[in-house]
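Q: Sequence:
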Amino acid sequence: MLSQIFSNKQLFAINIHRIDVVLPHKRNFSIPLVDGANGADIIKFIEKENIRNYVICRNSQNDQFYEILYVDNNTSPLINQIKLQTPFQETSLSSIFVPNMIFTMRHQRMALFVFFIQDYIELQAFRQSNIRTRDMFRKKQKVTLNIRIQSNLIIPIKINLENTVFEIGTKIHKRMKEIYRDADIKGVNDYRLGTVTSYYPKLTSKFGDDPVLMSFLQQQNENPTIVQFIFIETFKASYFDKETVKYINELDLSSSPSIYNEETRALNTKLSEIRSRVEKERIEKLKANPLIARMRISDSEPPLPFTDKISYPISISIEVRSDIIRSESLTVSIRVSSQSTVSNVIKQFIKRLKRIKSAGSASQDIAMKYAKESATTHTINSFASIGSLTNSAVEAGPLGNLPSGKLMSSDDEDDSMDDLPYMADDFVFALPGVDEILAGNTPMLHFVCVRQFILAQQPILNLVLVDKKDMIESIRNKELGTRKANPEPGPESSISIIQVTKPSRSLIRNIGYLSHSQVNCGLEIEIYSCIDLPVLRKESEYVLHAYLINGTAVLCPHVVSTVVAGKSNILFNQTLTFSLPIRMIPRSARVAFTLYDARLLAKNDKKAAIATYNFAVYTFSGWMNTGKFIKKMWVDRDTDFFLTTCESNELCPISLVFYFPKFKFPVAFVPPPPISDFKTKATISVSPSERKRIHELKSYDPLYVLTQKDKDLLYRYRTYCFLYPELLPLMLSSINFREPDQVNEIPLLLNNWEEPTPTTALTLLDAKFADHNIRAYAVNCLENFTDNELMLYSLQLVQALKAELYDDSPLVEFLFRRGLAEPKFLGHQLFWQLMSEAHISHIRQRFSTIVVNFLYGLGNYSDELVKGYLFTKELVKTNQLLSNLKYNEAQEFFSEALSKIKCPEQFHLPINPRLIVSGFVLEKCRVMNSKKKPFFLTFKNAAPFATEDVMTLFKVGDDLRQDQLTLQIMKIMEHLWRTNGQDLQLRCYGVLPTGFNQGFIEVVPNAKTESQIQQEKGIISGVLTKETFTNFLRANNPTPRSYERAKENFRKSSAGYAVATCVLGIADRHPGNIMVQKDGHFFHIDFGHFLGNFKTKLGYQRENAPFHFSPACAYVLDDIGGETFKKFEQEAAFAFNVLRHNAPLMITLLLLMLGTGIPELSTPSDVQFLKEKLLLDKTDEEAAAEFSKLTKISMESTKTMLNNFFHNLKTG
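Sequential numbering of the sequence shown, starting at 1, is according to full-length UniProt numbering.
Take the hints with a grain of salt, since some may be wrong.
Said to hold, decoys possible - 30 Å max Cα-Cα, derived DSSO-like pairs, lysine-lysine:
{"id": "1", "residue 1": "632", "residue 2": "538"}
{"id": "2", "residue 1": "246", "residue 2": "206"}
{"id": "3", "residue 1": "902", "residue 2": "886"}
{"id": "4", "residue 1": "1047", "residue 2": "867"}
{"id": "5", "residue 1": "1078", "residue 2": "1047"}
{"id": "6", "residue 1": "186", "residue 2": "270"}
{"id": "7", "residue 1": "236", "residue 2": "246"}
{"id": "8", "residue 1": "711", "residue 2": "1171"}
{"id": "9", "residue 1": "1095", "residue 2": "1199"}
{"id": "10", "residue 1": "867", "residue 2": "280"}
{"id": "11", "residue 1": "171", "residue 2": "632"}
{"id": "12", "residue 1": "1178", "residue 2": "1189"}
{"id": "13", "residue 1": "538", "residue 2": "606"}
{"id": "14", "residue 1": "538", "residue 2": "270"}
Source of the hints: derived by calculation from the structure; they are not laboratory data.
Please model the complete structure; the sequences and the hints are all you need to start from.
A: Structural data, given as structure tokens:
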């Protein structure tokens, strides 16, 4: 019979695992464990022996009796005891094979037992009866229970069988407190005694009367090495837990049970404390000044390209919407100093009203003349030419003399204006169309909206005068009245962590742990098996590699298993031992496991990697992991040090079964006591050559990899290096994390170092810096960021969360606190940046936990964010309905599909929280004519005093994160240029990914693509003529003054984009990706390829220009050699050198994004392109000359001309 199922080679092979099937009357047979063998093969043989009404069992791992696998009678009650997920007949024998780990032989045997059903029932009944009979005579017997507690310590507790469960728990709790005197251990009522199978008896039950407890006691007696009882902390479900479920369902977040694990509970407790503190501070601020909720204030952001001490003249058009001033809508224009406070501006406005009253009727002709001049001539041509104005100089200029808008004449007088008894403190300014106000004694220049107005160089700032009391009432209703803060979980829902900070005491009875420094052996990991490989894989040979890593560095030589053959399940049964002793393994270490196809690996085939998984050596509370683990690996991935320690939640993962070593006592990582001085000091003895080398290292960028000689040099003279604060990242990179003495000096080193700027500290959040002290220090430096600066760099900070070893970290707490404190802008941005990647498997659990905690503390703002997400879901569904239709068909059904979307009555548009919209303007919405069918959406503007609709694009099917990153780095470039006194007016548009391959794109008004402009002239002639842009600008700027302004805008913006796109290696620059606004602003769109990844077709690279700058661009600037072109070259050189001086920051911004999964930014070598483009080995003068050469190359590129021609031919 067996020969019909297995080959002779398999039957008689000695190098293979086997299953022994024991039949009734002790007959047995043996079968080889080969791929493809399943339970049906065993059933066939048993029935061939004429055996009927039987059960097939195996020894149970968790119970004292057998585990039933199959019952040959569907009516037997025994069938309910089967625990297999799939029927035994279909179950692979490899999946039920349990090797005996006491023996370390590679090839083992396992027994399956066959009983007649009646015999099995009698055997089971006899065993239960035997236990009960013994219990009758041993009721008062004292026994010892081996209890595993929270720290994995196993403590023996002597009990009487008549003790209640509560009495036993009290004894265990008392022992815990004796052992861990310094730990925060909760009361006895917060713990429960149970079994390893999660059975928790009633507290009033007597141990001896509970058959389940007694059965586990019996199993403990039979095998004392296996723990059967546990004492764990219990949690009471809180309102927060219920809300968490709601948020998870609404936002499609991780629903994994691990969201309630110990580590996540600890994070929830920490974030609850932050929420309570921030909410208290928020309420105090709102009560003191409710207006602050609508005021966005900064005295430095965005930076202005001149000193803020100079008073910038601002022309303001003020519309009156006040119940105090009872009149028809009134608009008055005044001119004020940017240094004037809002209160003073309102006072000047009230004086103007009095002047209007006393003036009577004014000349309409003169007024209209001034109004026209104000709209066309009142712009600042050069920031350098601005003169100083005093706060009282509100009458300067034509707008200071007469009102514009609706003029008051004698016929228009109203009785309410007789005496004008108005107080400036009764009013505030509202910004039309957005949810912001200006109020109080804050200078105008300290409002973000005013600074943005100045940078935009608009002629008039439009404001609305409204009653202060009405605004305060509105804010109080929204911020304090409509919804109370969610109740925070109480102590019964929190978790107490047993952590140790001191070496264990010498008394044997009270030893609760071993300090890691006491363990001298190497880390030994027993590898059992890899199971659930894809069924379609052919039988092959496999090998497992294991790396002991810290951050992105390997701590010691990696270890490799022997090669094992298999198919769907691979049995290793091997021990891998790392050479580094446990006492030298740092707290932040991980083990990276990778399964390879051995045959492909031998050929260096890139497809050799089958699956990988990273595992932390220590738990988040500092205990060394121990015991058996079954972890789901990430399939089709090679060793990836950027992966978190989260398990795969993908479909059909491969699972790794392994065992971390157990010691007599649990091992805790005990931090060493703080040290007050360095073991060695060396300042005077530094030789001249060594000083020179240290000085050279000071200028090296974050991509530089230190040689061992450099590391030794820096560490040897670490106190001397205090003279060079910029050396901190390289100094920390020189530390040998295999040497505890060096690691222990890190806090002292950081305390003595000059605190770096926040942008420098960003480098320390790179994945290679895994040490907790380093990352906590970096976060502390970030506190110096303003909210606006934090928004500028938040993309990298959110990505840095992936590099954190545990869910709870100083960075999480920092971002969480700052986001809650400023929810409207910073909190809004953090939410969407988390949500845009919450679908990514290896970070989903962590981001989900942060999001639900964040929403729980946002009050009314959480409703706004949830509304926005649900709205985007509806847009995605609509896009999916139309995606397979032709363009004309999609356009037909688009309006109907939009009308069915339940648009919230009012909500903040996700792409810009300043904008409040209330619904679609259906007749202005349309489907764009492209493959992915993006939506051009127009909304009704629901903001107070809004007059214009809101437009945006929504796109599904493209990963917008690369566009978002590119534009964010360009905004940082613009920030650096402005800080250094130059505004190149990039006008970067907004891109907001809202989930997997979806998001919003800002619509830039009054703009055309270069392709559209060229095609108006003709497909060929439009490309060849140099007057293309010049004619476009002249047509839209007919007066000499307006054309000169457009020309200046073109010069500055084209210089800025030339530098930005050159340094970032922006590719695919066809004329459809270049745009120009009517006012002359030149800009790029669609950043699908960067860092030099230029497109090729049939091996031909379509682009060779360093950046897009055509002869038509130069012609706008008076052509090569013209004065305007020279200014362009000077501005471009200036911008290029500013970036070169900030090269470490530019490189860091990209390095922090390596974990995003963006294909063109996956390794440090991808960032090398940017470094090379910055020409860091040249002087400023040499770099400027080189950039001029690149400009010439770009203009002379024939490939650019051909690319333009073929694009227009295709789209024209």
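Q: Quickly compare the C-alpha distance for residue 246 and residue 206 to 30 Å and report which way the hint goes.
A: Violated, at roughly 40 Å.
Q: Are residue 538 and residue 270 close enough, with their CA atoms no more than 30 Å apart?
A: 49 Å, violated
Q: Holds or violated: are the alpha carbons of residue 632 and residue 538 at most 30 Å from each other?
A: 21 Å, holds
Q: Does the structure keep residue 1095 and residue 1199 at a Cα separation of 30 Å or less?
A: 12 Å, holds
Q: Mind checking the alpha carbons of residue 711 and residue 1171 for me, to see if they're no more than 30 Å apart?
A: The given pair, whose Cα atoms are some 22 Å apart, holds under the 30 Å limit.
Q: Next pair to validate is residue 902 with residue 886; report whether the Cα-Cα distance is within 30 Å.
A: 25 Å, holds
Q: Taken at face value, is the distance from the CA of residue 1047 to the CA of residue 1078 at most 30 Å?
A: With a Cα-Cα distance of about 11 Å, the restraint between residue 1078 and residue 1047 holds, given a limit of 30 Å.
Q: Next pair to validate is residue 1047 with residue 867; report whether the Cα-Cα distance is within 30 Å.
A: 43 Å, violated
Q: Taking 30 Å as the top limit, are the C-alpha atoms of residue 236 and residue 246 close enough?
A: Status holds; Cα separation ~18 Å.
Q: When you check the alpha-carbon spacing of residue 171 and residue 632, does it fall within 30 Å?
A: Answer violated: residue 171 to residue 632 is near 38 Å, above 30 Å.
Q: Given the hinted pair residue 186 and residue 270, is their alpha-carbon gap at most 30 Å?
A: 16 Å, holds
Q: Check the hint pairing residue 867 with residue 280 against an upper bound of 30 Å on the C-alpha distance.
A: The hint holds at about 26 Å.
Checked against the numbered hints above, the structure breaks hints 2, 4, 11 and 14 and satisfies the rest.
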